[in-house]
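Asker: Chains as they are written, first to last, in my numbering: chain A, 1 to 387; chain B, 1 to 361.
No lab work stands behind these hints, which were simulated from the structure alone. Treat each hint with caution, since some may be false.
Stated by the list, open to error - Pulled from the structure, derived: some chain A residues nowhere near chain B, Cβ distances all over 12 Å:
id: 1; residue: 105
id: 2; residue: 108
id: 3; residue: 139
id: 4; residue: 244
id: 5; residue: 249
id: 6; residue: 263
id: 7; residue: 268
id: 8; residue: 276
id: 9; residue: 290
id: 10; residue: 310
id: 11; residue: 344
id: 12; residue: 346
Said to hold, decoys possible - Below, in silico cross-link-like pairs of lysine-lysine (DSS-like), each with a Cα-Cα straight-line distance of 27 Å or less:
id: 13; chain 1: A; residue 1: 241; chain 2: A; residue 2: 332
id: 14; chain 1: B; residue 1: 164; chain 2: A; residue 2: 130
id: 15; chain 1: B; residue 1: 164; chain 2: A; residue 2: 113
id: 16; chain 1: A; residue 1: 2; chain 2: A; residue 2: 12
id: 17; chain 1: A; residue 1: 306; chain 2: A; residue 2: 319
id: 18; chain 1: A; residue 1: 183; chain 2: A; residue 2: 241
Glycine included, every Cβ here is placed at the ideal spot set by N, Cα and C.
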Amino acid sequence: MKYIDEFRDPVKARILRTEINQLVERIETARRRPLQIMEVCGGHTHAIFRYGLKQMLPPAVEFVHGPGCPVCVLPMGRVDDCIALAEQPGVIFTTFGDAMRVPGSQKTLLQAKANGADVRMVYSPLDALKLARENPQREVIFFGLGFETTMPSTAMTVLAARREGVRNFSLFCNHITIIPTIKAILDSPDLHLDGFLGPGHVSLVIGTRPYEFIAGNYHKPIVIAGFEPLDLLQALWMVLKQLAEGRSAVENQYARVVPPEGNSAALAAIHEVFELREFFEWRGLGSIDHSGVRIREAFAGFDAEKRFRVPNLKIADPKSCQCGEVLKGVIKPHECKIFGAACTPETPLGALMVSSEGACAAYYNFGRIDISGLRGNAGGTDRRAAV
Amino acid sequence: MTAPFVCSVPLEDMQRGRGKVRDATITLAHGSGGKAMRDLIRDVILGAFNNPLLAPLEDQAVIGLNELASGGDRLAFTTDTFVVHPLFFPGGDIGRLAVNGTVNDLAVSGARPLYLSCGLVLEEGLPVETLRRVTTSMREAADLAGVLVVTGDTKVVERGAADKLFINTAGIGVVPAGVNISASRARAGDKVIVNGYLGDHGCAILLARNELALETDVETDCQPLSGLVQTMLSVCPDIHCLRDATRGGLATVLNEFAQSSQAAIRLNENALPIREAVRGACEILGLDPLYLANEGKLVAIAPAEFADPLVAAMRAHTCGEQAAIIGEVVEAPAGVVMLNTGFGGGRIVDLLVGEQLPRIC
Numbered sequence: 001m002k003y004i005d006e007f008r009d010p011v012k013a014r015i016l017r018t019e020i021n022q023l024v025e026r027i028e029t030a031r032r033r034p035l036q037i038m039e040v041c042g043g044h045t046h047a048i049f050r051y052g053l054k055q056m057l058p059p060a061v062e063f064v065h066g067p068g069c070p071v072c073v074l075p076m077g078r079v080d081d082c083i084a085l086a087e088q089p090g091v092i093f094t095t096f097g098d099a100m101r102v103p104g105s106q107k108t109l110l111q112a113k114a115n116g117a118d119v120r121m122v123y124s125p126l127d128a129l130k131l132a133r134e135n136p137q138r139e140v141i142f143f144g145l146g147f148e149t150t151m152p153s154t155a156m157t158v159l160a161a162r163r164e165g166v167r168n169f170s171l172f173c174n175h176i177t178i179i180p181t182i183k184a185i186l187d188s189p190d191l192h193l194d195g196f197l198g199p200g201h202v203s204l205v206i207g208t209r210p211y212e213f214i215a216g217n218y219h220k221p222i223v224i225a226g227f228e229p230l231d232l233l234q235a236l237w238m239v240l241k242q243l244a245e246g247r248s249a250v251e252n253q254y255a256r257v258v259p260p261e262g263n264s265a266a267l268a269a270i271h272e273v274f275e276l277r278e279f280f281e282w283r284g285l286g287s288i289d290h291s292g293v294r295i296r297e298a299f300a301g302f303d304a305e306k307r308f309r310v311p312n313l314k315i316a317d318p319k320s321c322q323c324g325e326v327l328k329g330v331i332k333p334h335e336c337k338i339f340g341a342a343c344t345p346e347t348p349l350g351a352l353m354v355s356s357e358g359a360c361a362a363y364y365n366f367g368r369i370d371i372s373g374l375r376g377n378a379g380g381t382d383r384r385a386a387v
Numbered sequence: 001m002t003a004p005f006v007c008s009v010p011l012e013d014m015q016r017g018r019g020k021v022r023d024a025t026i027t028l029a030h031g032s033g034g035k036a037m038r039d040l041i042r043d044v045i046l047g048a049f050n051n052p053l054l055a056p057l058e059d060q061a062v063i064g065l066n067e068l069a070s071g072g073d074r075l076a077f078t079t080d081t082f083v084v085h086p087l088f089f090p091g092g093d094i095g096r097l098a099v100n101g102t103v104n105d106l107a108v109s110g111a112r113p114l115y116l117s118c119g120l121v122l123e124e125g126l127p128v129e130t131l132r133r134v135t136t137s138m139r140e141a142a143d144l145a146g147v148l149v150v151t152g153d154t155k156v157v158e159r160g161a162a163d164k165l166f167i168n169t170a171g172i173g174v175v176p177a178g179v180n181i182s183a184s185r186a187r188a189g190d191k192v193i194v195n196g197y198l199g200d201h202g203c204a205i206l207l208a209r210n211e212l213a214l215e216t217d218v219e220t221d222c223q224p225l226s227g228l229v230q231t232m233l234s235v236c237p238d239i240h241c242l243r244d245a246t247r248g249g250l251a252t253v254l255n256e257f258a259q260s261s262q263a264a265i266r267l268n269e270n271a272l273p274i275r276e277a278v279r280g281a282c283e284i285l286g287l288d289p290l291y292l293a294n295e296g297k298l299v300a301i302a303p304a305e306f307a308d309p310l311v312a313a314m315r316a317h318t319c320g321e322q323a324a325i326i327g328e329v330v331e332a333p334a335g336v337v338m339l340n341t342g343f344g345g346g347r348i349v350d351l352l353v354g355e356q357l358p359r360i361c
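The following block holds chain B by itself, in its conformation from the complex (with noise of 0.2 Å):
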C-alpha cells in the first residue's frame, strides 16, 4: 500500500483538470498505486500544496543549499505526528495542527521555518472530502506561516487500523547565527515569560469530544509562532531558553528547563494567564490549566534585563497580546518547580506520571 505523492502524469493534465476524484469515500484503491490513488495524490494534495518544488513530483524535493544558507548558519530538523479526536474542532483543525506544530517546533529554536513534507494515513472510508477539507486547511496553515508544503507520502489502512486520518510532518528550518536557544541555559535571576492565555488548546478539545456535556466558546489556540520568535530574538537576541507548551502543557515544559538548567523555577500564580472559562472547566472537572496543552503558546527564558522590552514587542504581536513574565529562575532547590499560590502559599509543580485523569468527587 506504499504511495508517494509522486505520479507520472504530467502536472498540465491535472491542470486541465483531468484526474478528479470522483469517490466519495477513501477506499483502499487509493493507496494501491494504481490510477485511483494517482487521481488523489492530483486533485486532493496537489490541488492543496502545488508548489515550484513539490509540483516536478519526484520522490523527493530537491532544495538549494545556497539559499538555505543564506538564512543562518545551522539547519533545525523536526517532526510530529498528528492523532487527534475529533478532527475539527472550535478553532482549528487536524490539518492547522500538523502545520502548526511543525513550524512551532522548528520557530522554538530560532530558526526560520521553511519547508514541511506531509505524510498521511488514512482509514478506509474517510469521506473524500473531510480529506479536501483538511489539507485544504494545512495550506492554509502553510501560507500563513510562510512554509511550503513540498514533499509527502499517502498511506491507506483498513478500516480500524487508523483512527480516520493522521497526519505526520517534518520540517526544516534555518537558525541564524548569533541564536543559542537551549533548554540548558536557565540561569538564576532569569525571568519567564508565555506569550498569552494557557490551556484553551486542551480545554477546547476535552470539550469537543462532547463527553461533558459543559459549553463554553474556548477555541484552540493553534497558530505559528515563527514570526514571533523572530520578533522576539530582534528584541533580545540570547533568549536563553524557549519551547512551545504543547503536551503535558506549561508545567512540563517548566520542568524540563529546570532539569536540564539544573536550576529552580518559582512561579507567580496571579501573573499565569489564564481565561476564566478555562480556569470553570478545571474547577469543575479537577483538572490543572498549568498541564493543559497548548498549540500557539511559548515559554521564553530570558535575562531579566531584557524581560519587560520582550513582554513589550510579544503584546504588539498578534501571537502575543497577552504575553506576561509569570515567575523567574531561582538557584535551588535544582530541578525544581514551584508555584507561590495566590492565596499566600506554596507548592511543588512536579511531572505529571500520566495522562491527567479527571478526579472523582
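If we strip away everything but chain A, and leave its shape as in the complex, we get (with noise of 0.2 Å):
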C-alpha cells in the first residue's frame, strides 16, 4: 500500500536495529541498568505491540507505556455518568466504539445499551450532530473524549451546532490535555524515565513548543513520533542519539505532519469553545492539576453537564490496582499484583487493561508470552520473558 508501506520496510528497520544497538553501547547508563523511553501515545504503545517493536530491541532498552490513551485513563465516576446520562428519558447518547467498554462502577455503555440505553457508536462528533438534526425531538449527546487530538472536531462541532441552532445536541465534555500529566509524570520522586517520545497526533494541533520545559527544566531529550514502525524506530534513534551526546533537546521525527507552531485554527477553535478545569481526575494517577477542560459560559447550552443531572460521583480506583506504577514505568505490566489473575481484558479491573491501547491490555494481548526466543530469524532475547 502507497504511503503505508515505504514506513515498513524490514530492511530500513534493520539498519536502524544495528545503529540503535551502536548507540546504546555508547550510553554509560545502559550499563547500569535498562534505559528507559516512555511513549507517551496510547497510539504508540498499539503500533509498538502490533509490529512486536520490542523484539527487535537490545534488552538495555525499554518502553515505558504512558497515560496517553484517553480510554484508559477515564476515572469510573466519569463512566457512572455517561450512563446515567445514556438512561435518561428521550436521550441519544453518542460514543467512540472504544469506549463503550470501559467498566462503570457498575457496568458498561455496552450493558446500558443492552438494557435499553440508546446508546449509539459514531466515528466523528459530526455524526451525533447530523443525529440531533435528524431527530428534533430527542436530545443527542455526545461524549466527548480525547486530548488535543480529538479536541479541536469536537469544538468545531459545538461552533457548527450554535450557527445552526441545533438545541437539541449537547457534549459532556471529557476532554483532557497532556502536558500538564506529563509534567506530574516528571515531578514524581520515583521516576526513572530516560527520554520520551512526543505524541504525533496531538502535536500536530499543539505543535513541538509546549514540550520545551521538558528538555530545558527536566533535561529529557524528548522526540515527536509518528505511529507506523519506521517512524517509531527512527524517534528512538534520536532520542538515544541525544543521551549519548548528552543532550536533551525537543526534535521532530514526524516533520510531514507535525509543524512546530501547530495548527492554528484548530488551536483557536479549542480556545474559543473550551477552558481549563482547575483539576480533572485521571484513573490511575488521581488528579491533576489544570488537566482537563470543560464548556465556556458562553456555550452553556451546549454542555450536558449543565442540561442534564449528572451524579458527578468520585469513584476510587480498586485499590489492588497498580496503574499509577505502571505509568509511571516503575513497574512493568506484569509486575503488577492482579495483572492477569483477577485484571484481563475481559474483566478490567485498571485502567490499563481496558483499552486496547492501554500498557496492560497491549501486554496482555500481545505479549504476555516472550516469543522472541521461538522466533528463527529476528534476534534479541527478552529479560521480561513469559509471565
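Dock chain to chain to rebuild the complex, using the hints, since each chain is given by itself in its own frame.
Answerer: Structural data, given as C-alpha cells:
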C-alpha cells in the first residue's frame, strides 16, 4: 500500500536496529540499568505491540507505556455519569466505539445499551450533530473524549451546532490535556525515565513548543514521533542519540505532519469553546491540576453537565490496582499483583487493561508470552520473558 | 403464528398459477395459518425451492437412508442462523449467506452437503418483493452448491420484534469414509493454508452500512466451499484441521485449532493474502483484518509434504485462486497463535474479548 509500506520496510528497520545497538553501547547509563523511554501516546503503544518492536530492540532499551490512552485514564465516576446521561428518557447518547467497553462502577455503556439505553457508536462528533438534526424531538449527547487530538473536531462541532441553531445537541466534555500530565509524571519521586517519544497527533494540533520544559527544566530528550514502525524506530534512535551525546532537546521526527507552531485554526477553535478546569481526575494517576477542559459559559447551552443531572460521584480506583506505578514506569504491566489474574481484558479492573491501547491490555494481548526465543530469524532475547 | 411450509393445496393448483401473493408487504396474516399464509408459501417459497422432496408438502422431508449411505459412512448435521444488516450488500445478500454458511459448515467436515432446511422469521411490513429476491437468491446459491432445500418453516412477528428478515438453515451431508478432520489434530510441522483474500466479507458489510463515508469496490466473498474441499481431499485425504473462517475471522479459527490441539501456530504476515482495499479500510478504522469475517474462506492445516500440491490444486479451483501457505504449526507455547510481522518483529494473535471496535484516534 503506497505511503504505508514505505514506513514498514524491514530492510530499513534492520539498519536502524544496528544503529540503535551501537548507540546503546555508547550510553553510560545503559551499562548499569535498562534505559526507560516512555511513549506518551496510546497509539504508539498499540503500534509497538502490533509490529513487535520490543523484540527488535536490545534488552538495554525498555519502552514505558505512558498515560496517552484517553479511554484508559477515564475515571469510573465519569463512566457512571455517561451511563446516567444515556439512561435519561429521550436521550440518544453517542460515543466513539472503544469507550463502549470501559467499566463504570456498575456497568459499561455496552451493558447500558443492552438494558435499553439508546447508546450509539459514532465515528465523528459531526455524526452526532447529524443525528440531532434528524431527531429534533430527541436530545443527542456526544461523549467528548480524548486529548488535543480529538478536541478540535469536538470544538468545531459545537461551533457548527451554534451556527445552525441546533438546540437538541450537547456535549459531555471529558477532554484532557497532555502537558500537565507529563509534568506530573516528571515530578514523581520514583521516576526513572530517560527520555520520551512525544505524541504525534496531539503535536499536530499543539506544535512542538509546549514540550520545551521537558528538555529545558527536566533535561530529558523528547522526540515527536509518527505512528508507523519505522517512525517509532527512528524517533527512538533520535532519543538515544541525544542521550549518547549528553543532550536534551525537543526534536521532531514526524515533521511531515507536525509543524512546530501546531495548527492555528484547531487551536483557535479549542480556545473559543473550551477553558481549563482547575483539576481533573485521572484513572490510575488521581487528580491532576489543569489537566482537563470544560465548555466555556458562552456555550453553556451545549454543555450536558449543565443541561442534565449528572451524578458526578468520585469512585476510587480498586485498591489492588497498580496502574499509577505502571504508568510511571516504576513497574512493568505483568509485575502488577493482579495482572492476568483478577485483571484481564475480559474483566478489567485497572485503567490500563481497558482499551487495546492501554499498556496492560497491549501487554496481555500481544506480548504476554515472549515469542522472541521462538523466532528463527529476528534476534534479541527478552529479560521480561514469559509471564 | 406457527406456520410450517406445509399446506393442503395440491401442487397442480399452484403450478396453474393460483394463490399468488398480491399484497405488497408481509402482514401478520401471512403467519396466521390461513389463506394468506398458504399463498405466501405456495408462491414465494415453493416457487423458489420446488423439488421432489419438498413438493409433497408434508410436515417433514423424507430421505432414503440407502441413498445417504452410498456417499459415506457418517452423517454431518449443522445449523446456523443469519441476521445481517443490511439484507443486501455488495456481492451478496442474506439468502446467499444462509445457504453458503450452512453448506460451508458441512463442507469443512469433509462432508458432501446434500439437504437444507429453511426457517424464516419475517417482520411485519417486510416488502414481499424483498422476500422474493432473497428466496430466489437462496435457490441460486443452492443450485450452485448442489444442495436442495427440502423443508422449512415461516413465522411472522410484529413490527419491531425482528429486524426485517432472519433466516435459519440446517443442513445434512455425508462424510466419506476415511476422512477424519478435527480441530484437535494440528501437529508440529504441519502447514497452515487459506484459500484466498481475507476479510472481504467483514469489510464489505461494514462499508455497506454507509456509516463511514468510505468507498471501495470490495465485495463479499460469500461462496460455497464444498467443491473446493472435495478437490482438496482428493489431493490430501488426511487434512488434519479444516474450518471456514466466518465470524471472528482467521485469528479466531487458528486460536481454536491451537487450543484444541495444544500446539502453537506461527503465521507469516507477509504471506497473508489481504486486498489493498481491505488493508486500507482497516488502517483507517483501526481494525485488524485477521479478525474480520469471511463467508467463503477456509483455513486448513495439513501435513507439510502435502502443502504445495494442496495449494496448487486449490489455485486451479475457482474458489481458491489466491490460496497460500500462511504459516506453520510448532510445538510451543501450546495454545498460542503468533505472528511474525513483516517488519521483523513478532506478536501474539489472541482471541478478541468482544466485537472489534474502531479506535478513537
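Asker: Does each hint hold? Answer for all of them.
Answerer: Hints versus structure:
Separation of residue 105 of chain A from chain B is adequate, the least Cβ-Cβ distance of about 20 Å exceeding the 12 Å criterion. For residue 108 of chain A, the non-interface assignment is contradicted: its Cβ lies about 10 Å from the closest Cβ of chain B, within the 12 Å cut-off. With a least CB separation of 21 Å from chain B, residue 139 of chain A remains clear of the 12 Å interface cut-off, as annotated. No Cβ of chain B approaches the Cβ of residue 244 of chain A within 12 Å, the least distance being about 23 Å, so the stated non-interface status holds.
Annotated as non-interface, residue 249 of chain A keeps its C-beta farther than 12 Å from every C-beta of chain B; the closest such distance is 26 Å. Under the 12 Å C-beta cut-off, the non-interface status given to residue 263 of chain A relative to chain B holds; the minimum distance is some 15 Å. The claim that residue 268 of chain A is not at the interface with chain B holds, since no C-beta of that chain comes within 12 Å of its own (minimum 20 Å). Distance check on residue 276 of chain A: its Cβ is at least 21 Å (rounded) from any Cβ of chain B, clearing the 12 Å threshold; non-interface status holds.
Residue 290 of chain A, annotated as away from the interface, keeps every beta carbon of chain B farther than 12 Å; the closest lies near 22 Å. With a minimum CB-CB distance of about 21 Å to chain B, residue 310 of chain A clears the 12 Å threshold, and the non-interface call stands. Against chain B, the non-interface label of residue 344 of chain A is violated: not every CB pair exceeds 12 Å, the least being about 9 Å. With a closest Cβ-Cβ approach of about 5 Å to chain B, residue 346 of chain A is found to fall inside the 12 Å limit, against its non-interface label.
Using a Cα cut-off of 27 Å, the hinted pair residue 241 of chain A and residue 332 of chain A holds, with the two alpha carbons roughly 25 Å apart. Proximity of residue 164 of chain B to residue 130 of chain A is assessed by CA-CA distance (about 25 Å); at most 27 Å being required, the pair is judged to hold. Between residue 164 of chain B and residue 113 of chain A, the direct Cα distance comes to roughly 21 Å. Compliance with the 27 Å bound is thereby established for this hinted pair. Distance check on the hinted pair: residue 2 of chain A and residue 12 of chain A sit about 16 Å apart at the alpha-carbon level, within 27 Å; holds.
Between the alpha carbons of residue 306 of chain A and residue 319 of chain A the distance comes to roughly 32 Å, so the proposed pair goes past 27 Å and is violated. Among the hinted pairs, residue 183 of chain A with residue 241 of chain A is consistent with the structure: their alpha-carbon atoms are about 23 Å apart, no more than 27 Å.
Hint compliance for this structure: hints 2, 11, 12 and 17 are broken, all remaining hints hold.
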